[in-house]
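Asker: Below, each chain spelled out in residue letters.
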Amino acid sequence: MKLTKDPESILISPRSVLKNFNSLAPKLQQAIRDGIETERCARDPVHWLLNYTRTFDEHWKQKGSAPYARFPRLPYMPKLFELMQKERRLFLPKSRDMMVSWSVVAYGVHLCQFNLGAE
Amino acid sequence: MIQSQKEDKVMALVSGRGNPGYARTLWEQQDDFLKAMKPLVKAPEEMPGDLLAWVNGSTFQGVPRGADQVRQFHPTLVIFDEAAHLDEFAEAYAAADPVAAQIIAISSAAPSWFGERVEEAFESSTDVVSELPGCDFVRHRSGIAVFRIKYSADPKKDEEWVAKMRPTYSSDQAWRQEQEVDFTASAGQLVFPEFKKEYTVVKPRAIPPDVTWYMGIDPHPRTPHAFLWMFVDRWGNHVYAREYWPSKAYGRRGNIPEDDELYQIDAYVDAINFLEGPAPNVFSPNGFTDNAGPEQKISRRIMDPAGKAWAVNRQMGKDSEETFWDAYRKLGIYCEPARKDFQAGRDKVGTRLRPRKYVGPASTTHQSQILIFETCRELIFELEHNRYPLLTPSQATKRDPVETPLQKRSHLTDLLRYLELEDPYWMDPQRAAREELFQGYAPYSDVPGYIVNG
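Residue numbers (our numbering), protein chains in the order written: chain Z, 1 to 119; chain X, 1 to 454.
Careful, some of the hints might be misleading.
Unchecked claim - No farther apart than 20 Å at their CA atoms in a straight line, the calculated lysine to any residue pairs in the SDA-like style are these:
{"#": "1", "chain 1": "X", "residue 1": "LYS348", "chain 2": "X", "residue 2": "GLU384"}
{"#": "2", "chain 1": "X", "residue 1": "LYS35", "chain 2": "Z", "residue 2": "GLY117"}
{"#": "3", "chain 1": "X", "residue 1": "LYS203", "chain 2": "X", "residue 2": "GLY287"}
{"#": "4", "chain 1": "X", "residue 1": "LYS196", "chain 2": "X", "residue 2": "TYR388"}
{"#": "5", "chain 1": "X", "residue 1": "LYS156", "chain 2": "Z", "residue 2": "GLN62"}
{"#": "6", "chain 1": "X", "residue 1": "LYS35", "chain 2": "Z", "residue 2": "LEU50"}
{"#": "7", "chain 1": "X", "residue 1": "LYS157", "chain 2": "X", "residue 2": "ASP182"}
{"#": "8", "chain 1": "Z", "residue 1": "LYS79", "chain 2": "X", "residue 2": "PRO155"}
{"#": "9", "chain 1": "X", "residue 1": "LYS9", "chain 2": "Z", "residue 2": "HIS59"}
{"#": "10", "chain 1": "X", "residue 1": "LYS157", "chain 2": "Z", "residue 2": "ARG73"}
{"#": "11", "chain 1": "X", "residue 1": "LYS196", "chain 2": "X", "residue 2": "HIS385"}
{"#": "12", "chain 1": "X", "residue 1": "LYS196", "chain 2": "X", "residue 2": "ASP347"}
{"#": "13", "chain 1": "X", "residue 1": "LYS196", "chain 2": "X", "residue 2": "ARG352"}
{"#": "14", "chain 1": "X", "residue 1": "LYS157", "chain 2": "Z", "residue 2": "MET99"}
{"#": "15", "chain 1": "X", "residue 1": "LYS357", "chain 2": "X", "residue 2": "TRP235"}
{"#": "16", "chain 1": "X", "residue 1": "LYS35", "chain 2": "Z", "residue 2": "ARG33"}
{"#": "17", "chain 1": "X", "residue 1": "LYS35", "chain 2": "Z", "residue 2": "ASN115"}
{"#": "18", "chain 1": "X", "residue 1": "LYS157", "chain 2": "X", "residue 2": "ALA174"}
{"#": "19", "chain 1": "X", "residue 1": "LYS248", "chain 2": "X", "residue 2": "ARG222"}
{"#": "20", "chain 1": "Z", "residue 1": "LYS79", "chain 2": "X", "residue 2": "LYS156"}
{"#": "21", "chain 1": "Z", "residue 1": "LYS86", "chain 2": "Z", "residue 2": "TRP102"}
{"#": "22", "chain 1": "X", "residue 1": "LYS9", "chain 2": "Z", "residue 2": "ASP97"}
{"#": "23", "chain 1": "X", "residue 1": "LYS150", "chain 2": "Z", "residue 2": "MET99"}
{"#": "24", "chain 1": "X", "residue 1": "LYS297", "chain 2": "X", "residue 2": "ASN273"}
Note that these hints are calculated values from the structure, not bench results. Model, not experiment: these values are computed from the prediction.
From just these sequences and the hints, can you work out the full model?
Answerer: Here it is, written out as structure tokens:
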């Protein structure tokens, strides 16, 4: 990997960063991108849930859609995850079919996947 | 760790048997680079249906219902799925609280311990935060955060959706339970459906000096004794003016605490004498009325006859000979045994709770014969919440509805029934003086009454 002569210019100029990044091998670029996205997913469970996994839609045949779909973007999801990350004891009374059970299981899977020894 | 009622549901939430479960789906459907970076210890189909384990040492474990399922672990997170339908949820929650780093309980509505906590939180707090449509946040006094999510939080579920979906529910009750998150929608019938605050609950007002007082006692060996006072005025109103029940649960939701203090009978009698005495000069909950000076004369006291069976003390494994009944009597509180015909008492109360029309010179009002001072919080609470048990669908095919209510928080309504079964009436304090005036006169016929000359 060949960087510019002046290491400080990497910090100063985004163009230099991009130029250097683009000079890397495609596989390495992808590995860096994956690493960054993994880090982002680890920090933000909503980002992971909405962009990197799918749920099973039990009504997919009636809808004529694919059985696995991206998690729907519901306005209460950020607040729900904020509370799950913040509150030690949380009760969630809810109407039917609000994707809340999926969300809570997703929070649990995220906790296991991105933390050591969670149970 | 996730707990659910049935083993099948546990599987469906975790790895699954046949069809992938929720947790497995979320892992499997991830982008490949994430699966590669966060691998499982082995392929999900090679793991038990209730377990998903990662190479990093994390596990997502499902367990079926039962209070002791969680106790043996020290989980980072415990999820209770459909907590309102989970057997022994209260016990399981209590077992999880000291050992788990975090607890999340999710549920649709149904009468339950979970539902009681949720309702308590919303009823007792003035700090309900409703930042998002269809969502409300509140904190229970025990510290539990409650976040309620109704269908209207989903922008797709608009009025058109409601109009289309509502008729598909078997009843209005089912709709309220499933979509409006109404935890009492499918509770059993109310024992006193006739009770309407607007007709029965009144602000305390000066008690006329000529009223006739009645009083009831409901003793119990494990919970604080309950006391209820009512008077009948010259217009025949049955006014419930004072109650005394020294429990931590007084006037609010929840189970009767097991650590409620149990007092000696002489302490109860001291309280009775004080509350009926000349000192109290203010209307307030848990026993106080403005007695305006003179000591109240109680015309009749009744007690649950069970008081004759419960011993005051138990020493060396043996009950003492003295019962609650004897102890009260020894201290000057003489009672008659209450009649315990539940249905007859309930019907009398029901009849007297119905509104009657009063036509005055300026306006027409409706009021029930039974009136309750708003300071009688526990009686009002019990009238609003006493319910018959609900039969399960399979029970309902085999037997008629149950005629006795759930044995929960009914000390004051029991006393209300006992007192109304006595048919309390107004005794004119001047009657004795008038009868003295009529002495020596005999009726002229069999017609009851007197003819007085001059």
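Asker: None of the hints should be skipped; say for each whether it holds.
Answerer: Verification of the supplied hints:
no.: 1; hint: X/LYS348 / X/GLU384; verdict: holds, 17 Å
no.: 2; hint: X/LYS35 / Z/GLY117; verdict: holds, 17 Å
no.: 3; hint: X/LYS203 / X/GLY287; verdict: holds, 15 Å
no.: 4; hint: X/LYS196 / X/TYR388; verdict: holds, 18 Å
no.: 5; hint: X/LYS156 / Z/GLN62; verdict: holds, 18 Å
no.: 6; hint: X/LYS35 / Z/LEU50; verdict: holds, 16 Å
no.: 7; hint: X/LYS157 / X/ASP182; verdict: holds, 18 Å
no.: 8; hint: Z/LYS79 / X/PRO155; verdict: holds, 16 Å
no.: 9; hint: X/LYS9 / Z/HIS59; verdict: holds, 18 Å
no.: 10; hint: X/LYS157 / Z/ARG73; verdict: holds, 14 Å
no.: 11; hint: X/LYS196 / X/HIS385; verdict: holds, 12 Å
no.: 12; hint: X/LYS196 / X/ASP347; verdict: holds, 16 Å
no.: 13; hint: X/LYS196 / X/ARG352; verdict: holds, 12 Å
no.: 14; hint: X/LYS157 / Z/MET99; verdict: holds, 13 Å
no.: 15; hint: X/LYS357 / X/TRP235; verdict: holds, 14 Å
no.: 16; hint: X/LYS35 / Z/ARG33; verdict: holds, 15 Å
no.: 17; hint: X/LYS35 / Z/ASN115; verdict: holds, 14 Å
no.: 18; hint: X/LYS157 / X/ALA174; verdict: holds, 17 Å
no.: 19; hint: X/LYS248 / X/ARG222; verdict: holds, 14 Å
no.: 20; hint: Z/LYS79 / X/LYS156; verdict: holds, 18 Å
no.: 21; hint: Z/LYS86 / Z/TRP102; verdict: holds, 19 Å
no.: 22; hint: X/LYS9 / Z/ASP97; verdict: holds, 16 Å
no.: 23; hint: X/LYS150 / Z/MET99; verdict: holds, 12 Å
no.: 24; hint: X/LYS297 / X/ASN273; verdict: holds, 11 Å
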